[in-house]
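Chemist: Those protein sequence lines, which keep their order, are chains A and B.
Residue numbers for the first sequence follow the working numbering, beginning at 1 and rising by one.
Residue numbers for the second sequence follow the working numbering, beginning at 1 and rising by one.
These are calculated hints, taken from the structure and not from any lab test.
C-beta: ideal position from N, C-alpha, C; glycine also.
Incorrect hints may appear among the rest.
Think about it this way: if two alpha-carbon atoms lie no more than 30 Å apart in a straight line, the pair counts; the simulated DSS-like pairs of lysine-lysine are [as the list claims (entries may be wrong)]: (1) B/LYS56 <-> B/LYS99; (2) B/LYS70 <-> B/LYS109; (3) B/LYS99 <-> A/LYS9; (4) B/LYS69 <-> B/LYS99; (5) B/LYS109 <-> A/LYS9; (6) B/LYS70 <-> B/LYS99.
Beyond 10 Å from chain B on every Cβ pair, some chain A residues (computed) [as the list claims (entries may be wrong)]: (7) THR15; (8) GLY16; (9) ASP26; (10) MET27; (11) ASN62; (12) TYR64; (13) ASN65; (14) ARG77.
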Amino acid sequence: NAGVTQTPKFQVLKTGQSMTLQCAQDMNHEYMSWYRQDPGMGLRLIHYSVGAGITDQGEVPNGYNVSRSTTEDFPLRLLSAAPSQTSVYFCASSYGQGRNTIYFGEGSWLTVV
Amino acid sequence: SQQGEEDPQALSIQEGENATMNCSYKTSINNLQWYRQNSGRGLVHLILIRSNEREKHSGRLRVTLDTSKKSSSLLITASRAADTASYFCATALTGGGNKLTFGTGTQLKVEL
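Whenever a hint applies, use it, and build me the whole structure from the sequences.
Modeler: Written as structure tokens, this is what we have:
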């Protein structure tokens, strides 16, 4: 049981480049989400999905795009990277976030130069 | 601003001592959860306490919830060096759907 798998672990981008952070879970969870973690800010919700084909915005969605074509996968796309998007990104999944344990991936360290 | 605010921001204790961290929040909640994060790693769920519960235990962890004061505390008894990590509270808001809001965390250092 792999849990929540994120790739890549580390990435350096130039301003204006685009990229996709991959996230996959093998627990058949319907709820998946992406957070970013910045020093002194805790975790902030970027986008989330309550099931395949359904996505919604979180607290800080600007500059990011998501899709949920399957239950297992929830990729996060940076459309045109900016230095303000330098952060650690975490993907998470659960059986309905508000009432159950959330399982986190190990994180993706992104630097935009 | 953050729904959950942890206090203190940093805590340093000796092995064997107890560590207490507090979390305050602003609006009505469905439940409150505590997570641990080791340096460079993802978050690990520790315990969930529902709004109609006042105290829960899990091993060396004790969590209390006071909805009248909108606060929670996490007590780690007989701390070990391996407990060194950041600890976050997260709240699921009443009527807030399935979203959790995380606090800024308490950095705990347990020294030998």
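Chemist: Checking against the hints above, which ones are violated?
Modeler: As far as the earlier hints go, not one is violated by this structure.
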